[in-house]
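Visitor: Listed below, chain by chain, are the residues.
Number of protein chains: 2
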Amino acid sequence: MGVYPKNFEALVESLKKFPGVGEKSAERMALSILDMSLEDIELMREALLNCKKDLHPCSVCGYLTDQEVCPICSDESRDKNLICVVEDYKSAFAFEKVGNFKGVYHILNGLISPMLNKGAEDINLSSLGRRIENLKHPELILALGSSLEAETTILYIKEIFKSKDVTISRLSHGIPMGAEIEYLDMMTLDKALFDRKVISE
Amino acid sequence: MGVYPKNFEALVESLKKFPGVGEKSAERMALSILDMSLEDIELMREALLNCKKDLHPCSVCGYLTDQEVCPICSDESRDKNLICVVEDYKSAFAFEKVGNFKGVYHILNGLISPMLNKGAEDINLSSLGRRIENLKHPELILALGSSLEAETTILYIKEIFKSKDVTISRLSHGIPMGAEIEYLDMMTLDKALFDRKVISE
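The listed protein sequences correspond, in order, to chains H and L. Numbering-wise (the working numbering), the first sequence opens with residue 316 and increments by one. Numbering-wise (the working numbering), the second sequence opens with residue 316 and increments by one.
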């Protein structure tokens, strides 16, 4: 026999399929199932199935939704001319949690990466082109981080929309709120100095 | 609307019930469900239910099992006179993974903790007393770690089995295999010196 009871082994193996969950964490999580109420477990089982069955990218922006067009794209109060271009769902969730952004999103579902042989056709970019055709001088906010892949993608987007009637912006770089200057990495500090803002003249 | 689609929100909330899983990890895990095959998800759903329904402590030793008596206790080849007393399932799993222990277990399912108001009657101890009644000079290996609670429990077990025909041992303390002496904590080093083993005389 193995170390674990058969059913327990199956659960540990299943939980190990989650990202960042190794043998030890899976064991701990599986043990916690024994102490959970049957009701909570049924809720989890339902949620697992419902997520897999009902969720897919919004046909307009690529946001995760159970509808054809997501609630953000269908929200009359949001500015359709202000499009925040993000790498993945997680980035869009992060902005929505802050809650101050009143525009819409475009989820690329990846970045251009010559190293991984991922080109513009492998991410959700062509639909962005079609999308802005119908808009009147939209602004694209590129919120893509500062990795090499992000820089490549930003360059590419700038290039393909060069001749279009569109403003392209990107997030500001600088010192994070609450950070101590002495502990900042040199690149950030250098960037913050270079991009300094005049507050009185 | 919330940040997440409704079904996704439900899954994130469910996953946060696992120990050590916060908002960020739950979000990441829930997103991974979207990329999993329906088959893998069904396996996970089944395993969740089966674990909750079928698993319970062995009536003899308290090991996790789907039978009345666990495979370890029913294994003819294992020495019933050699009982390794552990705090929880996880400790027993750890010994089973090593695979060298040919005795049986007794899972206390907790430790005596005066601070948490947990006494001997709150852990699986009385059954241990009944268990050794039928044995011929058994050995109890107390594998309980070295926390204050472990020491208290060890003292208590020594006390109640004082007049019985039973050998009580505990795991050896010392330097872990592969450890560098210079990085060891002082208590371990002191203990390793005190408990040194003569290798030639």
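One or more of the hints may lead you astray.
Copies of the same chain look alike in the list, so a pair counts if it works inside one copy or between any two.
Here are the simulated lysine-lysine pairs, DSSO-like style, with alpha carbons at most 30 angstroms apart [said to hold, decoys possible]:
1) K479 to K405
2) K512 to K433
3) K417 to K506
4) K417 to K339
5) K339 to K405
6) K473 to K395
7) K331 to K405
8) K506 to K451
9) K339 to K367
10) K339 to K451
11) K339 to K512
12) K367 to K506
13) K417 to K479
14) K321 to K512
15) K332 to K473
These are calculated hints, taken from the structure and not from any lab test. Since the model is a prediction, treat every value here as computed from it, not as a measurement.
Visitor: Quick one: K417 to K339, C-alpha cut-off 30 angstroms, is that within a copy, between copies, both, or neither?
Guide: between (42 angstroms within a copy, 23 angstroms between copies)
Visitor: When Cα atoms must be at most 30 angstroms apart, do K417 and K506 count as within-copy, between-copy, both, or neither?
Guide: Classified as within: same-chain Cα gap 28 angstroms, cross-chain 63 angstroms, threshold 30 angstroms.
Visitor: With 30 angstroms as the alpha-carbon cut-off, assign the pair K417 and K479 to within, between, both or neither.
Guide: For K417 and K479, only the intra-copy Cα distance (23 angstroms) is at most 30 angstroms; the inter-copy one is 75 angstroms.
Visitor: For K339 and K512, with the copy left unspecified, which applies at a CA distance of at most 30 angstroms: within, between, both, or neither?
Guide: neither (49 angstroms within a copy, 33 angstroms between copies)
Visitor: Is it within, between, both, or neither for K473 and K395, if the alpha carbons may be no more than 30 angstroms apart?
Guide: For K473 and K395, the Cα distance is within 30 angstroms only inside one copy (20 angstroms; across copies 74 angstroms).
Visitor: Please sort K479 with K405 into within, between, both or neither, judging by C-alpha distance up to 30 angstroms.
Guide: within (29 angstroms within a copy, 62 angstroms between copies)
Visitor: I want to check one pair: K332 and K473. Are their C-alpha atoms no more than 30 angstroms apart within a copy, between two copies, both, or neither?
Guide: neither (38 angstroms within a copy, 44 angstroms between copies)
Visitor: Checking an output row: K321 and K512, CA cutoff 30 angstroms. Within, between, both or neither?
Guide: Result: close neither inside a copy nor across copies, 63 angstroms intra and 41 angstroms inter.
Visitor: Could you place K339 and K451 in one of the four classes (within, between, both, neither) given a Cα distance threshold of 30 angstroms?
Guide: For K339 and K451, neither the intra-copy (54 angstroms) nor the inter-copy (37 angstroms) Cα distance is at most 30 angstroms.
Visitor: Is it within, between, both or neither when you check K331 against K405 at 30 angstroms Cα-Cα?
Guide: both (21 angstroms within a copy, 17 angstroms between copies)
Visitor: Checking K506 and K451: alpha-carbon separation at most 30 angstroms within a copy, between copies, both or neither?
Guide: neither (33 angstroms within a copy, 76 angstroms between copies)
Visitor: Give the relationship of K339 and K367 under a CA distance limit of 30 angstroms: within one copy only, between copies only, both, or neither.
Guide: both (26 angstroms within a copy, 19 angstroms between copies)
This entry does not satisfy hints 2, 8, 10, 11, 12, 14 and 15, going by the numbered hints stated previously.
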